[in-house]
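Let the sequences and hints guide you as you build the complete structure.
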Amino acid sequence: MEWPILWRSCAVDAAPPMPSETLTLRHVTKRFGGVTAVSDVSFDIPPGRITGLIGPNGAGKSTLVNMIAGVLTLSEGDIRLGSRLLSQAPAFEVARSGIARTFQNIRLLAEASVLDNVLVGFHRLERASLASHLLGLPASWRETRDLRARARDLLNRFGMQRYAEYPAGGLSYGHQRRVEMMRALATQPRLLMLDEPVAGMNDVEAAELGDIFASLARDGMAVLLIEHNVPFVMRLCAEINVLDTGRLIASGPPGTVMRDPAVIAAYLGTG
Amino acid sequence: MLAQQIMNGLVAGAVYALFALGFTLVFGVHRILNLAHGALLMAGAFIGLYAVLAGIPLWFAIILAMVGAGTLSVLIDVLAFRRLRASGQAEFGAIISSIGANLVLVSIAQRISETKVLRFPFATFPVVFYRFWGLRVSLLQLAIAGSVAFLLGLLSWLIFHTSLGRQVRAVAGNPRAAVLLGVNPDAIYLRTFFLSGAMAGLAGVLVGLSFNSVHFMMGEPYLLRAFVVVILGGLGSIAGAVVAGMGLGVLQTLATAYLPSGLTDTIIFSLLFLVLMVRPNGLFGVANTGVGRR
Amino acid sequence: MGLGVYQSLFDVFLLNCGFAFSQFIVLRAGVFSIASAAYAGIGGYATAILVTRYGVSAPVAVAAATALGLIVAGVLSIPLARLRGVYQAIATLAFVEIVVSLGFYAEDLTGGAMGINGIPKLVGTGTLCVALGAVLYLMVAIDRSGLGRAFDTVRQDETVAGSLGISVQRSHAIAFIISGGIGGLFGGLQSLYVYSIEPQQFGFALLVSMLASIVLGGRGTVIGPIIGTAILTALPELARPLAENRPLIHGLLLIVIINYLPHGVADSLALLRRRRRAANAV
Chain A
1 MEWPILWRSC AVDAAPPMPS ETLTLRHVTK RFGGVTAVSD VSFDIPPGRI TGLIGPNGAG
61 KSTLVNMIAG VLTLSEGDIR LGSRLLSQAP AFEVARSGIA RTFQNIRLLA EASVLDNVLV
121 GFHRLERASL ASHLLGLPAS WRETRDLRAR ARDLLNRFGM QRYAEYPAGG LSYGHQRRVE
181 MMRALATQPR LLMLDEPVAG MNDVEAAELG DIFASLARDG MAVLLIEHNV PFVMRLCAEI
241 NVLDTGRLIA SGPPGTVMRD PAVIAAYLGT G
Chain B
1 MLAQQIMNGL VAGAVYALFA LGFTLVFGVH RILNLAHGAL LMAGAFIGLY AVLAGIPLWF
61 AIILAMVGAG TLSVLIDVLA FRRLRASGQA EFGAIISSIG ANLVLVSIAQ RISETKVLRF
121 PFATFPVVFY RFWGLRVSLL QLAIAGSVAF LLGLLSWLIF HTSLGRQVRA VAGNPRAAVL
181 LGVNPDAIYL RTFFLSGAMA GLAGVLVGLS FNSVHFMMGE PYLLRAFVVV ILGGLGSIAG
241 AVVAGMGLGV LQTLATAYLP SGLTDTIIFS LLFLVLMVRP NGLFGVANTG VGRR
Chain C
1 MGLGVYQSLF DVFLLNCGFA FSQFIVLRAG VFSIASAAYA GIGGYATAIL VTRYGVSAPV
61 AVAAATALGL IVAGVLSIPL ARLRGVYQAI ATLAFVEIVV SLGFYAEDLT GGAMGINGIP
121 KLVGTGTLCV ALGAVLYLMV AIDRSGLGRA FDTVRQDETV AGSLGISVQR SHAIAFIISG
181 GIGGLFGGLQ SLYVYSIEPQ QFGFALLVSM LASIVLGGRG TVIGPIIGTA ILTALPELAR
241 PLAENRPLIH GLLLIVIINY LPHGVADSLA LLRRRRRAAN AV
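Residue numbers (our numbering), protein chains in the order written: chain A, 1 to 271; chain B, 1 to 294; chain C, 1 to 282.
Heads up, a few of these hints could be off.
Said to hold, decoys possible - For the chain B half of the interface with chain C, some residues (derived, Cβ under 8 angstroms), not all of them:
1) L79
2) A80
3) S87
4) Q89
5) I99
6) I231
7) Y258
8) L259
9) G262
10) M277
Don't read these hints as lab results, they were simulated from the structure. In this text, a Cβ means the ideal position worked out from N, Cα and C, and glycines have one as well.
Quick look at the structure:
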């Protein structure tokens, strides 16, 4: 499979390419009542490479993702995409500015078909007016027809065309994760956040998806990879950030980070 | 005159509070709106009335009404809600299912009463009035105030000072965590539904005695007012329900006395609407109304 | 029974279908609004007053009722789209009660508890068919558009909708307004069909019967409300005991359907068909 080609053919030709921009986190903090879940975290997620975020269970990884995605408020600090401040923006505006995500516990429209699940991902690209939707004007149904074709392209390239009409909830775990990724990619994001995308998959499946992530990054997308699988992260990421009990304890290239005594301590459970 | 109206309002409000407490308790523990709660009030009034007509003394008829309405409430939980709880669609489903339960109970009552308004026999409750500080108080009003105060005390003791209460609060806070702590949620649901039904049943007998009128549609206005009470007081808040219930009783009595007739309902429901717009969590509420970032 | 009986039954079915679609469109978008009865009341009274008191022609009066439904729902949608779940249900229920109580109170305008009588019957089967046809066209257009996809996503998972750039608030507001327009339209048509209206008919009972047809039929497919309404309209005609115990049967149906067939008849069939087709394909 030629992933860079996939990306160009189904993204770039229809919509103008998005300028790549860096997502910056500065002093991001989240308190729930008296508990500080994320404390003073600052790092960048630049385009064109995969940035890793690892840490033991309960380290605050998903809280951080939810703050970036606009689901949780920030107690302190700010988040910017390029120069645009996103700290207060609601989830849908964050998504419209070009940030897509997958969910740690897969969230698909279980009874809708796989094709329909991917189709909703194109929402951000829809241009037909409300009036044309309501009146059933050609602009509306042409758009639906075009997006359907593009959703099929995406399915083909993920090797999922056989399941197009299958209810998404009835698929295997690995296939459901793929549907979620296709849906996120359909939004043509500048930044893609993957929350444990290969959890529960075997090494072959994981490697296959890893190749996809790498090719997306090569094409200029910013990718944030949250994973437990340390070898997987080591192989893919240019930079790794390690969270432990809400604090950023290490940042840097994989080799350096993994030799860091604080990281070793956190992973052995003595920190 | 104003003082008399306020006192009458407080007594009426005590019944609203008693009725709304069960409604808000079920929401607090269960996260479901039980729209059959009004039918439970009606059922309590029916059981009490038919028991009295059968020659049973009033105090025992009241106990029968409470046990009967409590049992019906548990039945509703088992038949109409238990399956939904597992499905994850409980919020919408429970509204629908409880509307169904309400229709069933109301139409059975309509059948039994042949659509007639029923009355307690004369002097079921002694008609005695007392006067002090220029106020006229009936023995019935005193009994209502006394029994509501007693039940509120009992309920807050149950919730805040017993292991049942701790379990109820645990399930209300987080059912899954409560299971891990060894609480059996089904047992808690059963008890909260029984308590809630029993309080509605008592409210039904008290309403029936106060207005000396029992009919199959009597639950609906109380259900609608329960919405006002629980939203004003905050959905799921016990203290809020009590304060808001009394407040609503006074407001309603004053509106009826001093404003053009027919405007009372408009005012009450406009108030409900406005509170939802301005402060959906009510005066005491903590529930998340769920918009935007959390 | 003569043909006329069947025709009037069919007319009632058409009217109820219209009301059901007013309820359907909000539920489809995941809005817990039960305000449709209020829109029907507003449209119904507006039409009756315009026709009986001001001699306005039927089409103009019904158009005004529709516009009024749209406007009222539009104003309501601004605060209500900020609420969720049970809070939306309670707020819209309060709105229904406000409309009913104003119907009783504003006697000079609405005739109070006596209602408005002697409304000319200016609407027949043909008009109702045309109106329902227009609503159906709108529903199918939405169903096949990005708006329908947005509604479906919001209904099933608001977090996912947000993550894809769909504004839950905007979707809810649009659904609210469409619901108001349809409710006002069919409220107006009903006034010109039934000779007289009174406040009580726009209260809790109407709200329950609208909800019942959607729950029975389904909230995900356009055919759902039609199937639900058809069953609920036909059921009492099948046997006398069914007619006598209508509320009891509605109640039992609601409990059984929401527990054992939570997607309703039409949606469950659609799902079954999709599963079967998928099983054949894979």
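Here is what the structure says about each hint:
Hint on B:L79 holds. Least Cβ distance to chain C is approximately 7 angstroms, under the 8 angstroms limit. Of the supplied interface hints, the one on B:A80 holds, with its beta-carbon coming within about 5 angstroms of a beta-carbon of chain C, less than 8 angstroms. Look at B:S87: its Cβ gets to within about 6 angstroms of chain C, closer than 8 angstroms, so that hint holds up. About 6 angstroms separates the beta-carbon of B:Q89 from the nearest beta-carbon of chain C, less than 8 angstroms, and the hint is met.
Residue-level restraint check for B:I99 holds (minimum Cβ-Cβ distance to chain C is 6 angstroms; threshold 8 angstroms). The beta carbon of B:I231 comes within 6 angstroms of a beta carbon in chain C, closer than 8 angstroms, and the hint placing it at the interface holds. The beta carbon of B:Y258 comes no nearer than 16 angstroms to any beta carbon in chain C, farther than 8 angstroms, and the hint placing it at the interface is violated. Given the 8 angstroms rule on beta carbons, the hint for B:L259 is violated: about 10 angstroms separates it from the nearest Cβ of chain C.
For B:G262, the suggested interface contact is upheld, since its CB lies about 4 angstroms from the closest CB of chain C, less than 8 angstroms. The interface hint given for B:M277 is met, as the beta carbon of that residue sits about 4 angstroms from the closest beta carbon of chain C, less than 8 angstroms.
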